[in-house]
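Modelling step: build the complete structure from the supplied sequences, incorporating the hints.
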Amino acid sequence: MRRLSAKGFLALLLVAAMAVSVAGCSTGSSSGKSDNGPIKIGFLGAKTGNVAIYGLNGLKGLHMAIDEINAAGGVLGRQIQLLEEDDAGQKDQATNITTKYVTADHVAAIIGDPTTGITRVAGQIANSHETVIMSFGSTGTGVVEIGPYVFRDTLLDAIAGPAMVDYAISKKGWKNFALVTSKNNDFSVSLSSIFRDAIKAKGGNIVVEESIQDGDTDFSGQVTNIKAKSPDVIVFSGYYTEGGLIMKEVRKQGLNNVVMIGGDGLQGADFWKLGGEATEGSISYAGFSSEQASGKTADFIKKFHDKYNEDPELFAAQAYDAIYIIASAMKAANSADPKVYRDKLAQTKNYEGVSGTITFRENREPLKSPVYLLQVSGAKDPASAKFTLLDKVPVK
Amino acid sequence: MAQFLQQMVNGLALGSIYALIALGYTMVYGIIALINFAYGEIYMFGAFTGLFLVLTWKANLYLAIFGAMAFTTVLGLVVERVAYRPLRRSRNAGRLSALISAIGASIFLSTLMVLLHGPATTGFPTLFQNRNFVLGGASISLYQILIIGVSALLMVGLDLFVRYTKTGRAMRALSQDADAAALMGVNTDLMIAITFAIGSALAGAAGVLAGIYFNAVQPYMGLMAGLKAFAAAVLGGIGSIPGAVVGGLLIGLAEIMGVAAKLSDWKDAFAFAILILVLLVKPSGLLGRSIIKKV
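Same order as they appear, the protein sequences are chains Z and H.
Quick note: to get my numbering, add 41 to the position in the first sequence (first position is 1).
Quick note: to get my numbering, add 99 to the position in the second sequence (first position is 1).
Please note that a few of the clues may not be correct.
What the hints assert, rightly or not - In silico lysine to aspartate or glutamate, EDC-like type, Cα no more than 16 Å apart, as pairs:
| no. | chain 1 | residue 1 | chain 2 | residue 2 |
| --- | --- | --- | --- | --- |
| 1 | Z | 224 | H | 258 |
| 2 | Z | 224 | H | 367 |
| 3 | H | 361 | Z | 250 |
As the list claims (entries may be wrong) - Heads up, incomplete: computed chain H residues facing chain Z, CB under 7 Å, no partners named:
| no. | residue |
| --- | --- |
| 4 | 218 |
| 5 | 220 |
| 6 | 264 |
| 7 | 315 |
| 8 | 358 |
| 9 | 364 |
The hints are simulated quantities; they were obtained by calculation from the structure and are not laboratory data.
Keep in mind it's a predicted model, so treat the numbers as computed, not measured.
Using N, Cα and C, we set each Cβ at its ideal position, and we do this for glycine too.
Structure (structure tokens):
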């Protein structure tokens, strides 16, 4: 009984603390969000550290979009002001920044974080303060489930995986699949179950399933098992390091006409640096490619190139789209208050973005089309090898 | 059947690498009853030295192996001099201190390589065109022939050295009774240093071979390989040179046969399950002699 009452007291204390903080926020926010000054948007992402490349590329897209919007008169007659803080890819810093955005700056929306892990943390804070947060990079699970104010405009594995399998079966005529999973990699385990379901649903056969671990270097046993079943293609759901080494072993054992297909985990130069020629023709998917662009995407690429003297990549394109989607929801709702425009945002349907067409489904998960299929070419010379666009697959 | 043979070949190649590293463990243990846990890192430095020689000086296969062996010999001597010898001399330091010092040396060496190279995996440039030979339904690659061949050559060489040279005889004497050997005029410090040097050279060769075979070199590669080789040494009977070879091959085969039997998830567990079993059932190992404590 003693323990129970202590617990009860703690719970009461927590409830009280929450009530105070919620009250504090709601009085503050009304003044910040509905006045006639600039509309504040907070950027959340890393500008330094290991994942800085995602944040910095996203910022390029954001700056471009905001300059365009402001030059065209802004949103609802108000200019957009971007607040930038660097979370360095650290959850504790992201927590501080998000809290500052929602309680001190009273931003109308937060754009970020590009990673799933930090979006999960920041999403909790933004959602509890009824501020819209839109990630331009997270693809893992447990993001939009946080609550009604959490969004993302990325290509999800659950959409891209089946699209890839469909392409393999209907366009390439591959029927017999070898499925390889890295068992100590969450991403690989969940992507494998997407691939497995898709292969079965679309009439393919999984002739052999093998498992490896991230960090393994000897795959001779698994490859011998695979070779014995002579599959048409190897599906690998893990990362580029193991992917490259597996393909090297596949060729070493004389299995010569089989390529690897997999998720965006294969997209790293180490894939062909480690696998060499063996990776030629391997296929992976992405939410964006700057090749063979048309219409709005072609315009975007040209303007981006003029401004930064480089081709935009995935995160720049998705960050660019994120701010435009929010701006158009604000216009439709005639308000920059997230509590008001959130409903319009959730109803976004067939929005023509530069990274594809975006629809938010009922659970706010994005449905994006097309899926870009990329193929390794020039693997013979790892210094100049790259992923080139193989096809754009529309998603229904 | 062909697939079974194929898996045997895969297992033998993997086992040869474990055997080469296990030799170093077993030799050092045989002489001074110390588990040199920095061994895996010496193997890792061997792989990096080979890689460096190939990348910067365009060294061929043999030069890479010999260069790596030379470098790891020196490295092994330095580790012995810095991390172990002072403890051996000190009256207060027991076996446990030496073991802790070994673990410290291991962590130091792997983090040093992270600083020098970064944590990423690097591939080995192609040194020769691979070919596959068909042997009773199983195909054996030139890489596998290289691994098994070079390992066998080094192991036979070591056996002959220990058996027929004066130094080898001194080493054996030392392992039987260090004090008596010293009284007979054996320079124990020198012999211990030579043992470290030989073991390190073998680990260096194993590192280059593994780098070429797996096409992957990274700073933490020594940890798991070292632990498995240690399990191999215990399985064969720690202190016994033929035991290390047999143990290494058996661990390699067990791992690959596990994968062949669709137990890939348990791959890393095999070596250690065997280690525990051996310690429970026959602590002296397959070919080890049981140690009778003299009072």
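Now the hints, each set against the structure:
{"no.": "1", "hint": "224(Z) x 258(H)", "in the structure": "41 Å, violated"}
{"no.": "2", "hint": "224(Z) x 367(H)", "in the structure": "12 Å, holds"}
{"no.": "3", "hint": "361(H) x 250(Z)", "in the structure": "9 Å, holds"}
{"no.": "4", "hint": "218", "in the structure": "11 Å, violated"}
{"no.": "5", "hint": "220", "in the structure": "5 Å, holds"}
{"no.": "6", "hint": "264", "in the structure": "35 Å, violated"}
{"no.": "7", "hint": "315", "in the structure": "4 Å, holds"}
{"no.": "8", "hint": "358", "in the structure": "3 Å, holds"}
{"no.": "9", "hint": "364", "in the structure": "5 Å, holds"}
Figure legend: structure checked against the earlier numbered hints; hints not met, in rising order: 1, 4, 6.
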